[in-house]
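Participant: Could you build all of it, start to finish, from the sequences and the hints given here?
Sequence lines, in order, name chains A and B.
By my numbering, the letter at position 28 of the first sequence is numbered 35, and the numbering carries on one by one without gaps.
By my numbering, the letter at position 110 of the second sequence is numbered 510, and the numbering carries on one by one without gaps.
In case anyone wonders, no lab produced these hints; they're calculated from the structure.
All residues carry an ideal CB built from backbone N, CA and C; glycine is no exception.
Hints should not be assumed to be uniformly reliable.
Some chain B residues close to chain A (C-beta under 10 Å, calculated; not the full set) [unchecked claim]:
hint, residue
1, SER482
2, LEU499
3, ALA501
4, GLY503
5, GLY540
6, ASN541
7, ARG558
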Amino acid sequence: MTDLTLLDIPRLLGYQFFQYALIGGMVAALACSLVGLFLILRKEAMIGDGIAHTAFGGIAIGLYLGIYPLVTALVVSVVSVLAISYMRKKGLAQSDSAIAVVLALGFSTGLIIISLADGFNVELFSYLFGSILTIDSSDLLVVAALGIISITFIGLFNKELLSITFDEDASRLMGIPVGPLSTAFNILVAVTIVLSIKVIGIILVTALLVLPGLTALQLDLSFRYTSVSSVCFGIASVVIGIMFSAIYDVATAGVIVFTSVGLFLFVAIYRRLE
Amino acid sequence: MKEKIIEVRDLNVNRSGTVVIKDANFSVEKGDFIGVVGPNGGGKTTLLLSLLGTIPKASGTIKLFGQNIDSFNEWERVAYVSQNAINFDEHFPMSVRELVALGRANRSNLGRRLNKEDWEAVDESMEFMGLTAIANKRVGNLSGGQKQRVFVAKALVRNPEVIFLDEPTAGVDASTQERFYQKLSDLNARKGTTILIVSHDLAVVFCRMSKVICVSRDVNISSITGEVDPNDILRPAYGEHFHFVFHKHECQGVFDDD
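Facilitator: Right, dumping it as structure tokens:
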């Protein structure tokens with residue numbers, strides 16, 4: 008426990024580490040809640056979990072080879088996404104089975120590398136569970152760049168993604184390039200997960216992808232307002248998580264997930280009492 | 401001579417190794433309002449989806465607007481309302497206006513926001529289908545008939561020259577069906593839109609439509625005129641003991657808005 012209280016937040020906002028944490032966290036929350044909403048509606052939330060686990064292998068490779076781990080995580084995640092798409096397309100496995108195979112392979116890669124190398128357990132721990140309060144300017148740059156890619160893609164292809172999510176066959180008949188856009192979207196999921204690793208860590212990233220969208224969906228709004236609500240719930244969870252963890256010195260990722268679940272339950276109960 | 405919208409020659413379609421459509425030959429002309437009828441499992445949906453190129457043909461040729469279906473790319477001229485429309489996931493977060501607007505997405509405006517002209521078309525299409533008052537309602541909260549009108553509005557917002565509908569009134573009550581078919585008749589009469597509609601309701605087909613395609617592995621197209629007994633058209637598909645009691649004058653009673 009620290010000696011800080013909630014009244015110290017204005018003072019914390021003056022510190023660079025806290026500003027970096029908030030900016031990085033909000034970018035990740037924005038990207039995750041937008042991408043996550045599509046994942047929920049496509050009934051593919053588990054692909055997020057699968058890719059996050061393969062990213063673990065990528066992080067381990069980066070640490071072992073001395074390459075910036077988020078770069079190797081990004082490469083491994085994108086390759087995993089393409090492998091899942093290929094397995095589905097060629098009928099090698101159903102969607103969930105393909106995810107299970109790639110997840111296991113990626114995670115095993117990480118385990119083997121850890122057992123081969125000693126000495127990066129502490130650093131690996133920060134990728135597994137996030138370390139937003141220790142984010143530096145180069146990390147922030149990577150998070151911001153990947154965030155801009157995710158948010159721009161969703162912004163540009165919003166109507167096409169919604170159309171494909173809603174009715175793939177009808178979208179194909181309307182001349183929308185369903186295959187390339189679906190693959191691009193899955194790559195975007197990988198990008199979003201990698202940019203969120205510093206914020207919430209590999210293990211809990213699915214929560215940030217899924218919970219804001221699930222909470223927003225309970226409000227029975229139009230797609231536009233569901234997206235806006237999802238972003239608000241995502242950002243609120245991350246900001247509250249960062250503030251509480253800075254003040255009470257508890258794991259940020261844990262508080263973010265607790266806040267997300269709290270918001271989800273609050274909205275669920277409120278809707279049922281209405 | 402009217403423009404040929406669809407031309408089918410020697411079409412054979414197989415599904416899971418079984419012949420579903422056998423040696424089909426027919427043409428659809430501009431402005432035709434066609435009912436596609438036949439017994440369950442006779443191949444109506446298969447025929448419709450083959451015409452759209454989503455089910456591969458075993459042999460023969462299909463031309464849409466004079467182009468071979470395999471290389472056809474003018475999809476903005478075509479609209480399709482699937483059988484699934486009525487099974488809309490009620491939790492899907494979408495307003496009527498948003499769903500109708502999705503119909504404006506196509507290859508040419510990929511990655512661009514809808515413009516003023518698109519939104520005007522959305523409003524016009526909603527008005528035509530009587531949806532303006534519920535434009536901001538969630539589709540999941542609508543009745544079956546309203547949902548169906550939303551899906552047709554989504555198809556019409558593209559100003560298609562031909563529209564394919566697969567059992568659009570399944571699960572919809574009789575009076576809603578009447579209003580729905582009235583809208584389609586208006587569309588056909590006012591804009592000259594060619595319509596192909598899979599329907600089990602033979603009375604609707606023979607009252608409202610100009611031609612009928614009977615599908616039961618064999619495919620036969622006939623014009624609907626007062627002189628022809630519907631049973632002569634239907635028996636090859638439904639069997640020789642089939643008897644459909646129909647009098648043209650009854651249409652006036654069935655459809656008061658005629």
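Participant: Run every hint past the structure and note whether it holds.
Facilitator: Hints, verified against the model:
no. : hint   : in the structure
1   : SER482 : 7 Å, holds
2   : LEU499 : 8 Å, holds
3   : ALA501 : 7 Å, holds
4   : GLY503 : 8 Å, holds
5   : GLY540 : 8 Å, holds
6   : ASN541 : 8 Å, holds
7   : ARG558 : 8 Å, holds
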